[in-house]
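S.K.: Residue strings, one per chain:
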Amino acid sequence: MGNKREIKSSLKRNSVEEETYVNNEVESDEDDELLNVINGEDEDSSDDEANDGSENELSSEEDAGGETDEDSDENDADSEENDQESEDDDEENDSDEENESGEDDEENKNSEDDEENKSSEDDEEASKFSECSIKKTESYNGVKKLKNKNKLVPSKKLPAVTKSDEYEEFDSSDEEDIRNTVGNIPMNWYDEYKHLGYDWDGNKIIRPETGDQLDAFLKRMEDPDFWRTVKDPQTGQNVVLSEEDINLIKRIKAQKIPDETFDEYAPWIEWFTSEVEQMPLRKFPEHKRSFLPSKHEARKVSKLVHALKMGWIKTMAEAEKLRAKKEPQFYMLWQTDDKAEEMRRIYNHISAPKRLLPGHAESYNPPPEYLFDEKELKQWNKLKNAPWKRKLHFIPEKYDSLRKVPAYPRFIKERFLRCLDLYLCPRAIKMKLNIEPESLVPKLPSPKDLQPFPTVLAIEYKGHTDMVRSISTDKTGQYLLSGSDDCTIKIWEVNTGRCLKTIKTDSVVRSVEWCPNAALSLVLVASGQEVMLINPNVGDFLVNSKTDAVLQEVPKSDVVVPDRVRTTIQWSEPDSEQHQRGVRLILKHFKDVSQVTWHGKGDYFATVMPDGQNRSVLISQISRRRSQLPFTKSKGLVQYVLFHPTKPFLFVATQRHVRIYDLVKQTLLKKLLTNSKWISCMAIHPLGDNLLVGTYDRKMLWFDLDLSTKPYQTLRLHGTAVRGVAFHKHYPLFASGSDDRSLIVSHGMVYNDLLQNPLIVPLKRLQDHEAFNDFGIFGVVFHPLQPWVFSSGADGTIKLYNN
Amino acid sequence: MVSKRKKKYTSGEGAQYMTRKAALKKLQLSLNDFRKLCILKGIYPREPRNRKRAQKGKAGIRTMYQVKDIQFLLHEPIIWRLRDYKIFNKKVGRARAVKDFEKLNKYLNSHPTLKLDHIVKERYPTFIDALKDLDDCLTLCFLFSTFPSLAHVPRDQSALCRRLTLEFLHAVIEGGCLRKVFISIKGFYFQAEIKGQTVTWITPHHFSFTPHSKAEVDFKVMSTFVEFYTVMLGFVNFRLYHSLNLYYPPKFTALQQSGDEKSLVDEDIFVAERVAALNLPLSKTSNELVEEDFELDKFNADGSEANEERQEEIRKEMEKIKTLKNLFKGFKFYLNREVPREPLVFVIRCFGGEVSWDKTLFVGSTFDEDDESITHQIVDRPSMDKQFISRFYIQPQWVFDSVNARDLLPVQKYFMGEVLPPHLSPFIDEEKDQQYIPPEARALYNENELEEQHKNDENQDEEKDEESAEGAEDDDDEEDVEEKEDDEATASKKPKLSVSTGEVFKEVPWEKDRQERQEFRLREKMVKKKHRNLYKSMMDGKQKRAKEIWLLRKKRRLHDEKEKGDKKTIKKDKGKEGSKKKVKN
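Protein sequence lines correspond, in order, to chains Z and S. 1 is the number of the first residue of the first sequence in full-length UniProt numbering; add one for each residue after it. 1 is the number of the first residue of the second sequence in full-length UniProt numbering; add one for each residue after it.
Certain hints may be false.
In silico EDC-like links for lysine to aspartate or glutamate, alpha-carbon gap of 20 Å or less [to be verified]: (1) S:K554 - S:D368; (2) S:K132 - Z:E341; (3) Z:K378 - S:D117; (4) Z:K326 - S:E548; (5) S:K544 - Z:D373; (6) S:K325 - S:E313.
Simulated restraints on C-beta separations [stated by the list, open to error]: (7) S:W550 - Z:N773: 32 to 42 Å; (8) Z:L392 - S:K562: 53 to 63 Å; (9) Z:K314 - S:A97: 19 to 29 Å; (10) Z:G477 - S:V504: 33 to 43 Å; (11) Z:L392 - S:V504: 52 to 62 Å; (12) Z:A549 - S:V504: 53 to 63 Å.
These are calculated hints, taken from the structure and not from any lab test. Glycine included, each C-beta is placed from N, C-alpha and C at the ideal position.
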């Protein structure tokens, strides 16, 4: 389309040129008749316009003509006739031109001479042409060849004045319209007027009358030249294009050189040849200085030579060589594959580790499970600021074909980071453990070889309505004593699980313990601020009665009780109602008692009042009904006290340490460092050399008293605070209960050989208690004879496990 | 006289390390020059055993270099070259400032150059050492070969990278030492085994270059690396070519004959183009065959069985590799134009296949598409108008999967327009335990299972997965519940006083297992304090991996179920449509 348009515009320009020429002709002739004829003819042409609107544009007309020809046969026939007629016209034109040609030739020559050499003009010629005539010819030149190409309809009859050849040499596009003097203005300004402009003499050029549509139609039907008739906008007259014009237009349209005579393939004339001519082109000889060597050049050459000599500039060959040298030259650097040459090298080189090789997830077409789901994608995006925490450093993607895989946008960045790692990352050789984690677990004898130990829940003792804080068995293992938060103590038959007795107390029972002396049927009960000695009245009748008898008589002593003791504790007899219940003695303390413990012989017992400060530990003797305060200074919050099974030693556990006192010598023997925050309970091995300490910070500490003051082993068997620990009297067993509801039975073998360390093997985890207010197990006690273990829990039950 | 008191940090770790600042002061270099020197010489900071002592008691974390390394740098002749550069820059700057273009040109033409040959030899005492460190070098060079000319990456550097990498590819083709290939989203991974060393490199996908800001990527640093790597790769190439009896730089016998007929405008470019085509065998210096696959001698010094087994294994591996080298022998491949040409030509040629492509695509094609003897045409489009019956139209993944499987895989799954099976990584260590193996990979390793998979639907797999998942979950609670149940059962049976027929005691199969596990759990609490954290972290890792595996299994199962459901619905729909049609009929 674009092309076509261009062509159209060029055609327009052409047609304008032609028309202007025609104007010129008319002017030169200055023939009134002609004007009349023109006007007469114009009527027809205006009809044409009315018919076709834009038909004065040749190209469109032609196109339309071509198409319309095919449309109707009648038209075809008409157009053929038209063609014939037009050919006739052309012939006439040609003959006219021939006639004119003689004159034209002369003029042509003149004009050429004018241009080339005005000075060498012939006198005759000069006289012939006045200046104005020259002007005229020039103006003709400007208008040029158009002459032949188009004609005004009236100009057919006129003799042509000029020839096309004359103007072929040059052609300027800035020709002026000469007939109409209005200049280069839009002609529609004259639309309102009857005239189109003014001629040279200042007369109005009257707009030719336009016929109506009927005229136009008739003309179209009748005039054979209609298709080649164009309207001149300057004069408003119709112009019929000659055959030549049409050819010219056709050639332009075909993008050929408009001039038919121009030979595109003319033989090449070599104006400037490489051959040396025999004769010089210039007529004067060479100057003398051209034969003398130039000093200036010599200076320049010497400079260059110097520069060459100094190596400042290089010859081509040298430069080439240098360039080749600058390119890396490769040769056999290593003569063998694996023999190193001696040279100074980096000391103790650590080569960089290779990058990890990609897994399935990095594939362009991974198995579907590797693609992120929404959750994983969210997680991945969330870790934008901490990319090292991501599971993968890229998002796996699946492409169904290779051509769809784009370039990886982070590729360059990753390579750059690797480069940074290579030269910035500190290197060190790290030993990598290539072991199975199982190999770190110590090899211990199998629990099967360490039987018997309690494994199965045998009996449950139910009856308490609140937490059972403390339990104890009698020496024979027939009866079980329990003290609970529901302000009762109960005595159970071990083998049947029957509750034999329930004794009410005044307040919460913190601690109970059965007297280790088989001759006495006594239990110690700590309840609130009171410690009671109760005769449970179970078992052997003789023993019971004897116990009562022993306790009835009050030993007389002259010893004055010191004030300090008197303010701490008061011994009193129970009233009858209490006596009925079995209470035989009451010791009223000045603070709450948290724990009671018997000495091995059953005469002494110790009580603990954590709030008592320097009076928190109290040792009492039943036979003399006397109490002592062994310590004058408080060493901290006392948690637990314990008698040594054989020696007169007292173990006092404060919050962090365990102190061992010799009661006879009244000295501090040892201070055990537990390295824990808060001790909860203690138990001593029946041989007296090993101490087990349970702490609220989940640990159990096994102290070998002969070995050191630091724990021999720290056991972290429990998940929460340990609240009860116990050793078995005969079997190498110990047990621990904790808030995580589990009772763990372990093997703790102590050898007589001092060189052999105790063997500790956790055996069984028993977890049957229910949690109550985050508490699990409180009291743990072994059966004195059998490998059975009792545990009391916060759920108000006591459980017996046997093997 | 009292002997002088020893000053702190004059011996031991304090004297062995120095900070970067101290190193700069000692070497009298700017930080930029020091960086360049470190990169070229391969000097890196070291992690001291005791940082506080190494830092002479100073707090914080500093970059510590070994004093010996810095002393080593002190003797490096290229330090002087770096100083020359400084002078050169000053001169050029001045000439430019005073607009003395003559001088400026003179200076620019004779700029100092770094000679790195001796550093290559120093950093890599043996050829094997160089091969060991070739991974980063190759990957970076392959990346740089795609770069346009940038501010700090001169055009000839990327051109050199391109040349050297192509030469390396030729060496791999001639040596037949490619082992594994992998198409990842990052690029093509290739793994070759050269002289017993595995060399892995990545070639990026097309259009890998994207401009980066300086804060993000410093091309100057990378360019310095490449400066060294190109020299190193050149020497490696030279030695490789030499050991393969090839000319270096590469030559073509076939081309020289044709070259005689027409005088070439630029022979260098002509040869470079053929080199880039990767399709012509290089001319050899001698016709001696470099026989690498020699027979392994039977020597049995120990006479132990383990040794024998090992030998047997090695022999088997060698045979496998021998077959792998001729995997595509006798096949003719034709590449369609949408297929990435270079990696595929490289792979096919490495394993003995013949390959060609459209003439207009790239120079060096050897036969046309309508050659009847083509066996495989590699296509990456859904359909084609004109197809030959005599050849398979397969997708490029077939080539890669076949190489990784070390066998020609059946082509049915890879036909044009087919939905491809997943492409699996060949770099997974099969012997490592606790890793997820996708069902496709399992089928590949185990031929029996392959058949099974063909026979049965994926039902079985799912069941297996479920079982194993259950096995993996071992929670305390479950066991406790079981225990309790047992106890309750015994308790409830007791009160009955009637006599009933006894039941045969059956051992619960998992009871023993459970007990053992419980015992172990108690025992693991006895791990020494010293090892506790280590043990914990190891167990945590184990658990994490187990979880990962479980997650992947679950995802797979859900995916399979979904797919199955989809299939069923499609079938149903089809069935419905069919029935409707019948009704209509």
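S.K.: Please go over all the hints and tell whether each is borne out by the structure.
M.R.: Taking the hints in turn, this is what the structure says about them:
1. S:K554 - S:D368: violated (49 Å)
2. S:K132 - Z:E341: holds (18 Å)
3. Z:K378 - S:D117: Cα-Cα ~51 Å, so violated.
4. Z:K326 - S:E548: The hint is violated at about 55 Å.
5. S:K544 - Z:D373: At roughly 19 Å apart (the allowed maximum being 20 Å), D373 of chain Z and K544 of chain S satisfy the hint.
6. S:K325 - S:E313: holds (19 Å)
7. S:W550 - Z:N773: 32 to 42 Å: holds (36 Å)
8. Z:L392 - S:K562: 53 to 63 Å: violated (23 Å)
9. Z:K314 - S:A97: 19 to 29 Å: holds (26 Å)
10. Z:G477 - S:V504: 33 to 43 Å: holds (36 Å)
11. Z:L392 - S:V504: 52 to 62 Å: holds (54 Å)
12. Z:A549 - S:V504: 53 to 63 Å: Hint holds: Cβ distance 60 Å, inside 53 to 63 Å.
When held up to the earlier numbered hints, the structure conflicts with 1, 3, 4 and 8 and fits the remainder.
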